[in-house]
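**Q** For reference, the chains in residue letters:
Number of protein chains: 4
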Amino acid sequence: MTECSGQQPWEWPESHWRQLVAQIRAGTPLRPKQWKDGARCAIALSFDSDHETSELRDGGTSIGRLSAGERASRVGVPRILGILAKYGVRATFFVPAVAALLHEDEQRRIIAEGHEIGIHGWIHERNSLLPPEVERDLMMRSADTLEKITGVRPVGLRTPSWDFSPSTLKIEQEMGLAYDSSLMADEDCYELFCDGKPTGIVEVPVEWVRDDAVYFAMHRQQSLRPYTPPADVFDVFRREFEVAYEEGGLFQLTMHPHMTGYRSRIWILEEIIRLARSKGDVWFAPHCEIARWVYPARCVDTGPTENTSPGRVANR
Amino acid sequence: MTECSGQQPWEWPESHWRQLVAQIRAGTPLRPKQWKDGARCAIALSFDSDHETSELRDGGTSIGRLSAGERASRVGVPRILGILAKYGVRATFFVPAVAALLHEDEQRRIIAEGHEIGIHGWIHERNSLLPPEVERDLMMRSADTLEKITGVRPVGLRTPSWDFSPSTLKIEQEMGLAYDSSLMADEDCYELFCDGKPTGIVEVPVEWVRDDAVYFAMHRQQSLRPYTPPADVFDVFRREFEVAYEEGGLFQLTMHPHMTGYRSRIWILEEIIRLARSKGDVWFAPHCEIARWVYPARCVDTGPTENTSPGRVANR
Amino acid sequence: MTECSGQQPWEWPESHWRQLVAQIRAGTPLRPKQWKDGARCAIALSFDSDHETSELRDGGTSIGRLSAGERASRVGVPRILGILAKYGVRATFFVPAVAALLHEDEQRRIIAEGHEIGIHGWIHERNSLLPPEVERDLMMRSADTLEKITGVRPVGLRTPSWDFSPSTLKIEQEMGLAYDSSLMADEDCYELFCDGKPTGIVEVPVEWVRDDAVYFAMHRQQSLRPYTPPADVFDVFRREFEVAYEEGGLFQLTMHPHMTGYRSRIWILEEIIRLARSKGDVWFAPHCEIARWVYPARCVDTGPTENTSPGRVANR
Amino acid sequence: MTECSGQQPWEWPESHWRQLVAQIRAGTPLRPKQWKDGARCAIALSFDSDHETSELRDGGTSIGRLSAGERASRVGVPRILGILAKYGVRATFFVPAVAALLHEDEQRRIIAEGHEIGIHGWIHERNSLLPPEVERDLMMRSADTLEKITGVRPVGLRTPSWDFSPSTLKIEQEMGLAYDSSLMADEDCYELFCDGKPTGIVEVPVEWVRDDAVYFAMHRQQSLRPYTPPADVFDVFRREFEVAYEEGGLFQLTMHPHMTGYRSRIWILEEIIRLARSKGDVWFAPHCEIARWVYPARCVDTGPTENTSPGRVANR
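Chains as they are written, first to last, in the working numbering: chain A, 1 to 316; chain B, 317 to 632; chain C, 633 to 948; chain D, 949 to 1264.
Rather than coming from a laboratory, the hints here were simulated on the basis of the structure.
Don't take each hint at face value.
Calculated lysine to aspartate or glutamate pairs in the DMTMM-like style (CA-CA distance at most 25 Å, straight line) [claimed, not checked]: (1) K464/B - E646/C; (2) K1145/D - D737/C; (3) K1034/D - E247/A.
Which chain A residues face chain D? A few, computed with CB under 8 Å, are given here [claimed, not checked]: (4) W10; (5) S15; (6) I24; (7) I83; (8) G200; (9) T228; (10) D232; (11) R239; (12) L275; (13) W283.
Glycine included, C-beta positions come from ideal geometry on N, C-alpha and C.
Using the sequences and the hints given, assemble the complete structure.
**A** Printed below as a string of structure tokens:
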């Protein structure tokens, strides 16, 4: 990277901003001709089980916020698992290692009920604040911790707070991960490129607009408040889904047990599932299966062989 | 507590974050097999009468905010008491000692009309900023002040701003309180555990989602604004109640005379009461009676003996 | 005032917080047995014509914000005056002296069309940041400026940003003003008390909940955004009015030409007027006439003699 | 400009605040007697293609925000162009030079499909933070860059973040631009005056209320969140349009590919177009044609001669 210290962005040479942009870039959109079993639309539901780590990563001094983290595990996760079981839907939970260690049985239940668990950092730390070797060490230990608890090695990463550092992708490559789910260069999956070169890692893209925390986060010392009514949050998710269905694309959704696990909000998850089910030809799948379907070459030995080779198309 | 000064949360040894989490923890959920008189659902309405202390605790320099505090007492509390009387509903008011001293008749009227008054700090100070001995002294004096004004010794505490310090629970134990209402590890009541040991103190849990201030707070120097329309706030409370009713659990609500005491918002309280009443089998009760019902052993001599011993179950 | 420098609010002696609260206090509610011509409800509409002073008082460096101030005068005020004329409604405009000097014809038109102009500071400065003698000088000069432009001496004050200082009331007394409209200790008018003594000055109380800026303010460098939809702002105002009508009280509303003067918001004003008109027995009046009606003794020589002496009652 | 350093705004001499206000001022409203082809209302849609520059101008360290910028180009612009093509509507895209250099084909497609591209700064820098000579240099280079890529010399400027500096207008004059679109002194077009003198430059005024970013911006480190539901944003735009149509004025709208380019929001653009189309007599036009129509003298040689000379009226 060219050095531009002390320069204002409008003073940068072209080479500098081109390098900044080129660090991580999106390859061809990976929208398959059809989804599994001929489905028209794929639905990737995810739940970030931050639990107590939301507060611990900020120092752990607020007992009130720690208690809210405990509720996410006591009340939120069981409520979410109940809905998923009721409709036979499999999903992905991204779990910081510390949250997994505090709630080991919860993680084993999630795996036992057919869901995926992905990496979500050690204690919900922000990667862009870490030295590269610390980020690498924490990510390695997080994967080991999750595997030790559940018996299943995670194949995907969602960076805490979607805070993707310049080192993250290289670490993902070194770990042989199948996918990342932290970036938002498209609505469909795409292959991540690093400094112009393909990496073989699939991005299952997220978006703030499809994240319950955007509308529901509450932080007393900050000005964040859950100002958007639940029915309007549902309306946003519904519109995102309806167009994804129309386009034959991917509908990816991020929720949090400590946000959507409430009595007044859990219906949003259920209604989205009911709405999608009512279409008939949708495929609910954990993120790892979505990544495998759109980019099958990568994942031959990390899961059961798929019967059909869907190929990849870049039609939009 | 292990010392970890200077360390970042991701550098902490496991013992440290485990200790932080273990300080205050939730015991078994205290959802009774049935509520009093066979009711299916219990409703605990609370009103935090902060009045002028919202401004005083910040220095007391804003005459405008002090006038808003005066209105809470002149207009807000009478309007709320009128609604409660109209429907024969008893509730709990949490009152800072300074607010009680500024409005002594108001507190006596509240007690005379059958409601409970709980501790809410001295001047709405934040406990986590206080040395332990100061927190203890203020809480003791607050209880004495409320008792002196009303003739009734409070048996429960809601920490101002729900700001529960590492010392709070020990002080509550020393004072022999029956319950706390500041934490949020569940939607049902639970017994508070301190460093892994039961304390005999019941938590009647609060939640931001069931707090009018979250949606309605206005602070000119901060960016807080009442952006959520009243009808949508009602919708959140309604959804919280409907599922509590369905589950046979507790519906706890926190309101403020200086928030909900307005002409454009008081209907929310009335409609929630009407909605709950329309079900037939609900039990409105002050927080102290809720705590006593779910954990009867504790409170044998602090109230009238209950006819039935409901037992406790941990079914969810 | 007792000195408590260096003390935290929870350390203050009782005398100190009692003095803080007693500085300005509300006397008996001034809700008349009936309003003029037997009306059941009084409606006091007000418009704060801050125009360019919103930006000037912050330094005047943003040309964009200055242009928004110009629009308030070019587009906002004429649109508002058009609505008021269409329905024959008289109201009060509070105008900083600098805004009046920048738009002299506008002020003359406002007076010519039967409305009131009240004091609103010199350049929308914040009183609580001023030395008392500066506040006094600016208020005197503001009154003189408005009188010089319009030929009518103002009899009421709304402090800019409702920022009422410990000196404001004494200055109002010295100037012989009939009313203030900056505080919020009630929804009905009341007499202002200073250190426990009546002042003869009527408060026509404001409230954030009845202020368009709360919902509509936009400031790029702050986090203020117009998040509340116009239809929901109307709903808040409507509910405030409906209960004021039911109670036979006062409905006071604060709007700003640079907020409500928009094509997408002006209908709120019109609908509120239409709704109130549809009741039949409402009285629209400038703030000065409201103050005179509820407290007639004060204003014998500052306006036409009223035919009826309504008396004052303190029923609520 | 008089020097008033160290003085508070309320201490300024009258000459100072008059000079501040007079720097840039609005001339006569330019609302034509009729719009092109006898249309009753003109509709100027604009899209600010900030893409990666939103993050680059802040230092370019967030890979997540850079990926969102990439999506604006991959997904947002094609979706917007698709809607515009479907309805045969031409519009204006304001593009920072760096965004244009990163996405050259996109700019050529925009021009090829009949739209206008206007200047939007070099890297979305804030003009009011720049020395005048730097602002001038960047603006010149931005115009050259856009012309080199597309073959068309831009004739209008929208300052990034609508941050208009005291130098901006003089630079626009020197460059011979036909219009600016950064200020908000009216809802109709007007001629910009500089220190009391006409400049021949037309303002096509913007407004926060007609800007999707106001309601939809998301910035994790700030408190900005998309709290307003899409259906309510549509309602605001709809109301702005309906009154513009009724008045026979201009309806100008600002959108961003990285805001409105989403599946859940793109319908807002389509519905606004459908609604306007349903009236029959509306004229959709790029900003440059709007400016030319309301002020034809200026632009004789920069475009095809108009058949009719609409004249200018100042009726409101």
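**Q** For every hint, state whether the structure bears it out.
**A** Going down the list of hints, with the structure as the test:
1. For the suggested pair K464/B and E646/C, the alpha carbons sit about 16 Å apart, so the restraint of at most 25 Å is met.
2. Between K1145/D and D737/C, the direct Cα distance comes to roughly 21 Å. Compliance with the 25 Å bound is thereby established for this hinted pair.
3. A threshold of 25 Å between alpha carbons decides the hint, and for K1034/D with E247/A the separation of about 17 Å falls inside it, so the pair holds.
4. For the restraint placing W10/A at the interface with chain D, the shortest Cβ-Cβ distance is roughly 4 Å, inside the 8 Å limit, so the hint holds.
5. At a threshold of 8 Å, the smallest CB-CB gap from S15/A to chain D is about 12 Å, leaving the interface hint violated.
6. At a threshold of 8 Å, the smallest CB-CB gap from I24/A to chain D is about 5 Å, leaving the interface hint in force.
7. Hint on I83/A is violated. Least Cβ distance to chain D is approximately 22 Å, over the 8 Å limit.
8. For G200/A, the suggested interface contact is broken, since its CB lies about 18 Å from the closest CB of chain D, more than 8 Å.
9. Using the Cβ-Cβ criterion of 8 Å, the hint placing T228/A at the interface with chain D is satisfied: the shortest such distance is roughly 5 Å.
10. The beta carbon of D232/A comes within 4 Å of a beta carbon in chain D, closer than 8 Å, and the hint placing it at the interface holds.
11. Taking 8 Å as the C-beta contact cut-off toward chain D, the hint placing R239/A at the interface holds, the least distance being around 4 Å.
12. Checking L275/A against chain D: minimum C-beta separation of about 14 Å lies over 8 Å; hint violated.
13. Against a cut-off of 8 Å between C-beta atoms, the interface hint on W283/A is violated, since the closest Cβ of chain D lies about 18 Å away.
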